[in-house]
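Residue numbers (numbering that gives the first Met the number 0), protein chains in the order written: chain A, 0 to 328; chain B, 0 to 243.
Quick caveat, the hints were computed from the structure, so don't treat them as lab data. Among the hints, erroneous ones may be present.
Pair ranges (Cβ atoms, derived) [stated by the list, open to error]:
1) B:Pro116 with A:Ala140: 49 to 59 angstroms
2) A:Arg35 with B:Ser8: 50 to 60 angstroms
3) A:His67 with B:Ala211: 41 to 51 angstroms
4) A:Ala218 with B:Arg192: 50 to 60 angstroms
5) B:Asp113 with A:Gly295: 25 to 35 angstroms
6) A:Ser159 with B:Glu131: 55 to 65 angstroms
7) A:Arg221 with B:Arg192: 13 to 23 angstroms
8) B:Ser67 with A:Glu88: 39 to 49 angstroms
9) A:Ala140 with B:Lys38: 41 to 51 angstroms
Yeah, the Cβ is synthetic: ideal placement off N, Cα and C, and Gly gets one too.
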Amino acid sequence: MTSIIAPVNSPAEVEPLAAAGADELYCGLIDSSWNRKYSPVCSPNRREWRDSNLKSFRELASVVLRAHKKSISVSLALNAPYFAGCQEEDLASYAVKAAKTGVDALMLADVGALLLVAGLDLGVKLQVSSVAGVYNSKAVAFYKKIGASRIILPRHLRLSEIRSIVKSNPGIQFEVFALYNRCIHSDGLCTFLHGGEEYGLGANVCARKYEITGKPSNARMRASIRKLDAAYHTHSGILQNLAFTCGLCGLYDLVKWNVYGVKLVGRGKPLWMREYGVRLISGLIQHIKEDKPKRGEFIRDVRSIVEHTVFEDAFRPCTDFNCFYPEVL
Amino acid sequence: MESAVHVRSIRDAGGEYDRVYLGDEFCERLLPTVRQLEKALKISDKKITLATPPLTDKGLAGAKKLLSALPGKTEVVVNDWGLLDDVKGLNLSPVLGRLLLKYHRDPRVELIDDKIPKGCRKVLHSSALTQERFVKFLKKNRIRRIELDAVPFEVDHGDLSGFKASLHVPYAYVTTTRQCLANYFTTGRFGIRECRKQCIECSFPWESQELAFDMVQKGNTLFIEGDSARIPQQCDRIVHHPQI
Chain A
0 MTSIIAPVNS
10 PAEVEPLAAA
20 GADELYCGLI
30 DSSWNRKYSP
40 VCSPNRREWR
50 DSNLKSFREL
60 ASVVLRAHKK
70 SISVSLALNA
80 PYFAGCQEED
90 LASYAVKAAK
100 TGVDALMLAD
110 VGALLLVAGL
120 DLGVKLQVSS
130 VAGVYNSKAV
140 AFYKKIGASR
150 IILPRHLRLS
160 EIRSIVKSNP
170 GIQFEVFALY
180 NRCIHSDGLC
190 TFLHGGEEYG
200 LGANVCARKY
210 EITGKPSNAR
220 MRASIRKLDA
230 AYHTHSGILQ
240 NLAFTCGLCG
250 LYDLVKWNVY
260 GVKLVGRGKP
270 LWMREYGVRL
280 ISGLIQHIKE
290 DKPKRGEFIR
300 DVRSIVEHTV
310 FEDAFRPCTD
320 FNCFYPEVL
Chain B
0 MESAVHVRSI
10 RDAGGEYDRV
20 YLGDEFCERL
30 LPTVRQLEKA
40 LKISDKKITL
50 ATPPLTDKGL
60 AGAKKLLSAL
70 PGKTEVVVND
80 WGLLDDVKGL
90 NLSPVLGRLL
100 LKYHRDPRVE
110 LIDDKIPKGC
120 RKVLHSSALT
130 QERFVKFLKK
140 NRIRRIELDA
150 VPFEVDHGDL
160 SGFKASLHVP
170 YAYVTTTRQC
180 LANYFTTGRF
190 GIRECRKQCI
200 ECSFPWESQE
210 LAFDMVQKGN
220 TLFIEGDSAR
230 IPQQCDRIVH
240 HPQI
C-alpha cells in the first residue's frame with residue numbers, strides 16, 4: 000500500500016484531510032517560547048513562517064489525539080538544516096514534549112540533532128527529512144545506523160535514482176514528493192535564509208528577479224535564457240521558487256516499486272488545496288491498482304487531468320519547470 | 000599557511016601552490032576519470048586532495064573507483080555521508096566538505112542582526128560545529144580537517160581543538176542544485192539531464208536590483224564574493240579557486 004502523507008496546520012484540519020484520504024500527517028511547531036527566543040527565522044523546522052506551524056504543544060496533542068482516532072499517524076518536523084550548540088537544550092526539550100503528546104515520529108535533518116534525539120530514547124520513530132539530502136543507498140545506511148526508520152528522499156532525484164535507492168534498501172521506508180512546492184535549488188544544500196519578512200528581509204532570495212549579465216557568446220545559451228524569461232514572465236530573470244510543481248506522472252512507477260509513501264508539500268497552503276491534492280493522489284493510486292493502466296496510458300491520463308484542474312493556470316502546460324520528474328515528459 | 004589551488008586539471012595548477020585540489024565539491028559529473036586521476040598523481044610534485052560532491056548511486060560507484068586509485072592517507076573532501084565509510088575503509092583521510100558543514104552563508108544575516116532576538120542572532124552566527132555531539136561524531140569518524148567558506152560576516156565554529164581548517168577563497172558557496180541552470184542555458188532542457196560539462200567553459204553573473212550583493216553561477220552552484228580577510232583562527236590552509 001502506498002501511503003499518502005499530508006501536511007496539517009491545525010487540529011481542525013485533521014478530519015477533512017482524513018476524509019480526503021490522507022494516511023499520515025506531518026506538521027511543524029513554533030511555540031511562544033521558541034518564537035520569543037529564536038523567532039521563526041531560526042525555526043526548528045524548514046518552515047520559517049509561524050503561520051505554517053502549530054503554535055503550541057497543546058495544539059500538537061490535539062492533532063495527535065484526533066489523528067489517532069482516525070488511525071492516522073503524525074510526525075513532527077524538527078528538520079531545520081542545522082541546530083547550533085546553544086539550541087541543544089531547547090531541541091531536546093522540544094523532542095521530549097513532542098513525545099509526551101503521543102506523536103508517532105520526529106523528522107530531522109541535522110546529524111548532530113539526530114544523534115541528540117536518538118540518544119534521548121523517546122520511543123518515537125526517527126525520520127530523516129529531505130533536507131538531509133540523501134541521494135544514494137550508502138547514505139541511507141548511514142542514517143539507518145543512527146536510528147532512522149524512514150528516509151524522505153529529496154526532490155532532486157530522477158525516478159531511476161529513486162528506484163535504485165529503494166531497491167537497495169528493503170529494510171527501511173521511503174517517502175517521495177508528489178505535489179506542490181519545489182525550488183530549483185536543493186533544499187538541504189541551500190544556505191540562504193528563509194522568512195524574515197518581519198525584519199525587513201522581504202521575499203526569499205530564491206524568489207527574486209535577477210538579471211543574468213553574462214552575455215553568453217553562445218546563441219543557444221541566449222535562447223535558453225530568453226525561454227526561461229518567457230516561462231516566468233520575468234524580465235530576463237529567473238524566478239526559482241516553484242509553488243505549483245507536480246510529480247503525479249511518477250506515481251505509476253512509485254506505486255509499482257512499493258515506495259512507502261508519497262507526500263504533499265505545503266504546510267502553508269490553504270486547506271482546500273491540500274484536501275484537493277490528497278484526493279487527486281488517492282484517486283490516481285486507486286486507478287493504478289484497480290484499472291491497471293499501462294504506464295504510457297497512465298501518464299497520458301494524468302497529464303490530461305492535471306492540465307485541466309482548478310490549478311490550470313499554474314500547471315498548464317506540463318513543462319520541465321513545473322514537474323518533479325521532467326524526464327518523464 | 001599552506002596555499003592550495005582547486006583546479007580541473009593538474010596542468011592548471013601554478014607553481015606557487017603547495018597543494019592541489021582535484022575533483023569537484025558540487026557535481027558528480029565533474030569528477031575526473033580514474034585515468035585522469037592516476038595521471039595527475041603520477042606527474043604532480045604537490046600534495047593532492049580529492050574533492051567529492053553529493054553522490055547518486057551511480058556517482059558513488061564512480062567515486063569509489065577514484066578512492067581506490069589514491070595512495071593511503073590522501074585527503075578526500077567528503078560532501079556526502081554515503082562516502083564516508085569507503086574513505087575510512089581505504090585508510091584515506093576524510094575531510095568535512097563545505098556542503099556537510101551547515102551554517103548560514105546568506106549575506107543578509109548582518110542586515111537583521113540588530114532586529115532579531117539574541118538567541119536567533121547567536122544561531123545565525125554559529126555553525127553546526129558548535130554542537131558537542133556533532134564534533135564528537137566527526138572525531139570518532141577520523142575527520143580532522145574542516146573546509147570553510149569565507150562568508151562576509153562572523154561565524155562561530157566553536158572550539159575546534161583537534162581540527163585543522165581550510166578556507167576557500169575568493170567565493171563562498173551559498174546554494175547548489177542538481178537541476179543545473181548552466182546545463183539548461185546550454186541545452187535548453189531543464190531538470191536532471193545528461194550534460195556535456197559545458198559549465199567548465201562559462202560562468203553566469205547574477206545581479207538583482209533588489210539585493211545588495213551579486214552572485215556568480217559556476218556549474219550548478221551559486222557563489223557570493225567572500226571576505227578573504229576574515230580568516231578563522233584554526234585555519235592553516237587557503238584554497239584558491241581561480242577557475243570560478
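Q) Tell me, which hint numbers fail for this structure? A) 1, 4, 5, 6 and 9
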